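**Q** Sequences and hints are given; from them, build the entire structure.
The sequence shown: position 185 = 185 (full-length UniProt numbering), numbered continuously.
Be aware that one or more of the hints could be misleading.
Stated by the list, open to error - Below, simulated SDA-like cross-link-like pairs (lysine to any residue); rule was C-alpha separation at most 20 Å, straight line:
#1 38 / 21
#2 38 / 74
#3 155 / 108
Claimed, not checked - Beta-carbon label-pair distances, calculated as ranges:
#4 45 / 109: 16 to 26 Å
#5 58 / 82: 32 to 42 Å
#6 163 / 81: 36 to 46 Å
#7 61 / 11: 24 to 34 Å
#8 130 / 84: 23 to 33 Å
#9 108 / 23: 28 to 38 Å
#10 137 / 16: 14 to 24 Å
#11 62 / 109: 39 to 49 Å
#12 54 / 124: 36 to 46 Å
#13 82 / 155: 13 to 23 Å
#14 83 / 58: 34 to 44 Å
Bear in mind the hints are in silico, worked out from the structure with no lab data behind them. The structure displayed is predicted, hence computed values, not measured ones. Using N, Cα and C, we set each Cβ at its ideal position, and we do this for glycine too.
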Amino acid sequence: MSEEFSLNLLGQFAVHRGEQPVELPPACQRLIALVALKRRPVHRLWVCAMLWPHAQTRRAVATLRSTMWRLRPVGADPLLDVDPQYIELAPSVSVDWHAAVDQIGQLLGDGEPAPVVDPQFVAELLPLLRAGELLDGWPEPWAASERQRYRAMRKAARDELGHGTEKQVTNCSSGSMRSLHTLHSVRKTTKDSREP
1 MSEEFSLNLL GQFAVHRGEQ PVELPPACQR LIALVALKRR PVHRLWVCAM LWPHAQTRRA
61 VATLRSTMWR LRPVGADPLL DVDPQYIELA PSVSVDWHAA VDQIGQLLGD GEPAPVVDPQ
121 FVAELLPLLR AGELLDGWPE PWAASERQRY RAMRKAARDE LGHGTEKQVT NCSSGSMRSL
181 HTLHSVRKTT KDSREP
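**A** Here is the structure:
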């Protein structure tokens, strides 16, 4: 049985197979990051246009094929599901950014303030909020636009966690007390950062 892959897009890009880091060439990193950001199958020609915008189509397609081939020697080809036209991140790959976006969405709901804060939920969300920028330092326009969107989501989540000392906390076990302390720290930091 092969070990599961995990992909870190928050802070520094990293791929792990189980506990072992997997070193990918830069072109492979960009390919994996791009398809992970889309969260759905993407057409190969679109990938070529995003990754090699100044290359002729034939050259970009050849470069894509070569990039996908370079995943094999390091055992990273299972990261992608590929068919003749589309590429997507394999569904078994866990991605920190996916978890963060999903949990932020759950926290923010439909814009309605959540009446209850679950300490376990906060304990899982806070490390993701602190993990850093999405693809930190990557200059590619497709990365920068997603980074801006994620930055706004992250700020909204911090604001939501920083509001509402009146929110109820349910099922507070002793192991979750650190989460509550951290939640109060986030609230204080958010409040302090707003003061001139």
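**Q** Each hint: holds or not?
**A** Hints versus structure:
Proposed proximity of residue 38 and residue 21 is contradicted: the alpha carbons are some 23 Å apart, above 20 Å. Proposed proximity of residue 38 and residue 74 is contradicted: the alpha carbons are some 24 Å apart, above 20 Å. Using a Cα cut-off of 20 Å, the hinted pair residue 155 and residue 108 holds, with the two alpha carbons roughly 11 Å apart. Checked against the hint of 16 to 26 Å, the pair residue 45 and residue 109 fails, with Cβ atoms roughly 37 Å apart.
About 19 Å separates the C-beta atoms of residue 58 and residue 82, a value inconsistent with the hinted range of 32 to 42 Å. Separation of residue 163 from residue 81 is about 40 Å and conforms to the stated range, judged on CB atoms against 36 to 46 Å. Between residue 61 and residue 11 the CB atoms are about 32 Å apart, so this pair conforms to the stated range of 24 to 34 Å. Between residue 130 and residue 84, the C-beta spacing of about 41 Å breaks the proposed range 23 to 33 Å.
The given range of 28 to 38 Å is respected by residue 108 and residue 23, whose C-beta atoms sit roughly 36 Å from each other. Distance hint check for residue 137 and residue 16: the Cβ-Cβ separation is about 20 Å, which falls inside the suggested range of 14 to 24 Å. Look at residue 62 against residue 109: about 46 Å separates their beta carbons, and that is inside 39 to 49 Å. Our hint of 36 to 46 Å for residue 54 and residue 124 holds, since their Cβ atoms are close to 41 Å apart.
At roughly 36 Å, the beta-carbon separation of residue 82 and residue 155 lies outside the given 13 to 23 Å, and the hint is violated. The beta-carbon spacing between residue 83 and residue 58, approximately 20 Å, falls outside the hinted interval of 34 to 44 Å.
Hint check: violations occur at hints 1, 2, 4, 5, 8, 13 and 14; the rest are consistent with the structure.
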